[in-house]
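Asker: Each chain, written out:
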Amino acid sequence: METEAPGQEEHAPDDAQHNVVLGRLLSLFTLKREKSTRRIRLVAFGFGLVYCVIAGKLIYFGLHPELRQAMQQSSSDTVAAARPDILDRNGVILATDVKVTSIFAEPRRIIDRDEAVDQLTSIFPDLDPRELEAKLGSHKGFVWVKRAVTPEQQRQVYHLGLPGIGFMQENKRVYPNGPIAAHVLGYANINGVGISGLEKYIDGEGLSDLQNAGFNLTTENLKPIVTSLDLNATYALRDELAKGVAKFKAKAGAAAILDVNTGEVIAMASLPDFDPNNPVDALDPDKINRMTVGVYEMGSTFKALSIAMALDAGKVTLNSKLDARESLRYGHFTIHDYHAQHRFLSVPEVFTYSSNIGTARMALMVGVEGHKAFLHKMGQLERLRTELPESAEPLVPKNWGELNTMTIAFGQGLNVAPLQAMMAVGALVNGGIMIHPTFLKRSEEEAHRDAPQVIKPETSESLRYLMRLNAEIGSARKADIDGYFVGGKTGTADKIIHGHYSNDKVLTTFMAIVPADKPKYLFFTMMDEPQGLPETSYYRTAAWNSGAVTGKIIARVGPMLGVTPRFTPPSEPFPLLAQAGYTAANLPPPGTH
Amino acid sequence: MVRLLNVLAIVGLVGSAIYAYSIKYETIFRGEKIVQLRQQIRAEQDAIAMLKAEWEHVSRPERIEALSDQFLAVQEPTLKQVMPPEALPAKPAALPPDTTAIGSLADKPALPPADTSATPRNPHAAGQSPDAN
Chain A
1 METEAPGQEE HAPDDAQHNV VLGRLLSLFT LKREKSTRRI RLVAFGFGLV
51 YCVIAGKLIY FGLHPELRQA MQQSSSDTVA AARPDILDRN GVILATDVKV
101 TSIFAEPRRI IDRDEAVDQL TSIFPDLDPR ELEAKLGSHK GFVWVKRAVT
151 PEQQRQVYHL GLPGIGFMQE NKRVYPNGPI AAHVLGYANI NGVGISGLEK
201 YIDGEGLSDL QNAGFNLTTE NLKPIVTSLD LNATYALRDE LAKGVAKFKA
251 KAGAAAILDV NTGEVIAMAS LPDFDPNNPV DALDPDKINR MTVGVYEMGS
301 TFKALSIAMA LDAGKVTLNS KLDARESLRY GHFTIHDYHA QHRFLSVPEV
351 FTYSSNIGTA RMALMVGVEG HKAFLHKMGQ LERLRTELPE SAEPLVPKNW
401 GELNTMTIAF GQGLNVAPLQ AMMAVGALVN GGIMIHPTFL KRSEEEAHRD
451 APQVIKPETS ESLRYLMRLN AEIGSARKAD IDGYFVGGKT GTADKIIHGH
501 YSNDKVLTTF MAIVPADKPK YLFFTMMDEP QGLPETSYYR TAAWNSGAVT
551 GKIIARVGPM LGVTPRFTPP SEPFPLLAQA GYTAANLPPP GTH
Chain B
594 MVRLLNVLAI VGLVGSAIYA YSIKYETIFR GEKIVQLRQQ IRAEQDAIAM
644 LKAEWEHVSR PERIEALSDQ FLAVQEPTLK QVMPPEALPA KPAALPPDTT
694 AIGSLADKPA LPPADTSATP RNPHAAGQSP DAN
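Sequence order for the protein chains is A and B.
Quick note: the first sequence, position 102, residue 102 per the working numbering, numbers continuous.
To convert a position in the second sequence, counted from 1, into the working numbering, add 593.
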């Protein structure tokens, strides 16, 4: 108001001067004096009216400071942008926004800077006085003093009564379950910008575009994101994995559950992980998501792919015999068997004894080009992209010769992301349909829409049979949970240290399907450098660590996922094999329950 | 006459002015009320969001497991305890009305009459009921 009055006083002499100038100018153009005077008055009246309206509006704004406040209020919501809630498949909140108060300052309006710095740092001891002084001394109109303060701190600052210090409501992202599913969720920073995981994916899906365009988004008008995760299953999975990693003194571990019919990732954990509420060390290279960002030699679990390839190409049948009498030589290289039998092995025996020689021979029957084409079809040679922005390119040999085909057949020489391997094994057991994994909830119809058939249903059933057989009499016995008709495959890969395969450092993997006659879930566990323990007779192979952990996960998670145990085994679990004349598959195996 | 009309007109004018103003103030009052309520709703929504987050935090599986380990004396469930609804035994078929003396006693919660001779009114009824099942 005080500024308004002098402004108006200044107008009057201005106008007078104006009129004199105008009069002189007009005198140059005047034709009929009396007529133009009237016109000038009319014009002057019009302009005067416009000025009055402007002045009136200014006074109006001056009298209603709350209008300005309201405009600021609405802009404050976009300061830390609202983000949609992230829910698990059952509607439990995995990430949500809560309102917090933040303290800001308008440096130009601060009267005593030193006093303000003194008093604010006494309330917030973690504020650096020098930094705060620099902030308050800047010529900006707005600086943050402290984000997300407690109500008590807010009250204290309010009672300081410092001019130029104000409060603003902000959204703060919270993750009520802490580190559970942290790698899938990722996290958002203090400004509400997704930095990793699904949080970043949400931004990429147009949320940040809407925010930048100035839409005032609130939590209420954003649709929640429903993920494919099951919180309880994820917790149980992570818990069992953490126990396993601690027990076997492994450097790291990862585990996941995939629904093979929909491609949904039901649970996923990678240890070590981080707390998205406090993501100070989330970008530490040791805390990567090993399921999607790490690439590893999958070891013997890859044999499932090689055998499926040979079966699907018609190069072998389940009755074929492969020569495993002695180690396989190729140039300078010799391929050995870990459990050497020194005789001809049938295809199921190659699988249960995990014979490198037998698998290499099968891959050679298909040939290098056929092998490449098959792995390409199974998505093992290209980067797997999911909703998670973090992904890694598989390490594929540059010059792929026969030797590469032989070693890749049993899981050496091709590094893939574990989730990628799961996708392929899922396709091997679900009837041969290649379903792209997802972290968002979806139905079976949606999943099957663009999913190609990559292997024959008979081949898929053979693989299910082989995995079941391996759980009954082979290396996957530790995961054969009574009642769940589990099928599984172990994989132990020697780690490459300084360019050579190490003798004592291994990466163990385990894949299990539940139930083997009609798979619904694929379980995966991986351990990096597990140690042999007295109770495992100092074995460090996959069966003892990853296999045992997978068994515990299946027993604990199965009931949560509604898998009903059957204590009488299915009468004819593999009907297609029976039709093809391979009756052995449906007979109860000798010497088991 | 004209004077009366004038007076009426003035009264009408004043009346309508009062009416108009009262409506105007009512509107302002309601408008303020709406703003207040909106603020309240917002505050409640924020509080609900906060409580929801808090609930998820205190009911997170990690905490529940720790609490159950500490306070509940229950065993880990085994798979033998899990079964599908279909595996439950079928609901028994409704029994035919029990006409034996004991059955008739059961129907009457009050003290039975002095007639305590246990002779069934229909001697075959007791033998029939298992067949009916």
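Source of the hints: derived by calculation from the structure; they are not laboratory data.
A hint or two may mislead.
Facing chain B, according to a computed beta carbon distance under 8 Å, are these residues of chain A, among others [said to hold, decoys possible]:
id	residue
1	Thr101
2	Asn177
3	Tyr235
4	Arg449
Straight-line distance between alpha carbons at most 20 Å, and here's what the computed EDC-like set of lysine to aspartate or glutamate pairs gives [unchecked claim]:
id	chain 1	residue 1	chain 2	residue 2
5	A	Lys552	B	Glu669
6	A	Lys223	B	Asp639
7	A	Lys243	B	Glu669
8	A	Lys552	B	Glu658
9	A	Lys99	B	Asp639
10	A	Lys552	A	Asp482
11	A	Lys552	B	Asp662
12	A	Lys441	A	Asp85
13	A	Lys243	B	Asp639
The beta carbon of each residue, even a glycine, is placed where N, CA and C say it ideally should be.
Asker: Next, verify each hint and record whether it holds.
Answerer: Outcome of the hint check:
Interface restraint check for Thr101 (chain A): the shortest CB-CB distance to chain B comes to about 11 Å, outside 8 Å, so the restraint is violated. The beta carbon of Asn177 (chain A) comes within 5 Å of a beta carbon in chain B, closer than 8 Å, and the hint placing it at the interface holds. Here the hint on Tyr235 (chain A) is kept, as its CB sits about 4 Å from the closest CB of chain B, short of 8 Å. Look at Arg449 (chain A): its Cβ only gets to about 30 Å from chain B, farther than 8 Å, so that hint breaks.
Restraint check for Lys552 (chain A) and Glu669 (chain B): the C-alpha separation of about 12 Å stays at or below 20 Å, so the hint holds. Taken as a hint, the Lys223 (chain A) and Asp639 (chain B) pair is honoured in the structure, with Cα atoms around 16 Å apart against an allowance of 20 Å. Distance restraint check for Lys243 (chain A) and Glu669 (chain B): the Cα-Cα separation of roughly 16 Å lies within the 20 Å cut-off, and the hinted pair is therefore satisfied. A distance of roughly 16 Å separates the Cα atoms of Lys552 (chain A) and Glu658 (chain B); the hinted pair therefore holds under the 20 Å criterion.
Taken as a hint, the Lys99 (chain A) and Asp639 (chain B) pair is honoured in the structure, with Cα atoms around 6 Å apart against an allowance of 20 Å. Of the supplied pair hints, the one linking Lys552 (chain A) and Asp482 (chain A) holds, its CA atoms being roughly 12 Å apart against a limit of 20 Å. Using a Cα cut-off of 20 Å, the hinted pair Lys552 (chain A) and Asp662 (chain B) holds, with the two alpha carbons roughly 18 Å apart. Restraint check: the Cα-Cα separation between Lys441 (chain A) and Asp85 (chain A) comes to about 14 Å, which is no more than 20 Å; the hinted pair holds.
A hinted pair counts as satisfied when its Cα atoms are at most 20 Å apart, and Lys243 (chain A) with Asp639 (chain B) does not qualify at roughly 38 Å.
Of the numbered hints given earlier, the model fails hints 1, 4 and 13; all others are met.
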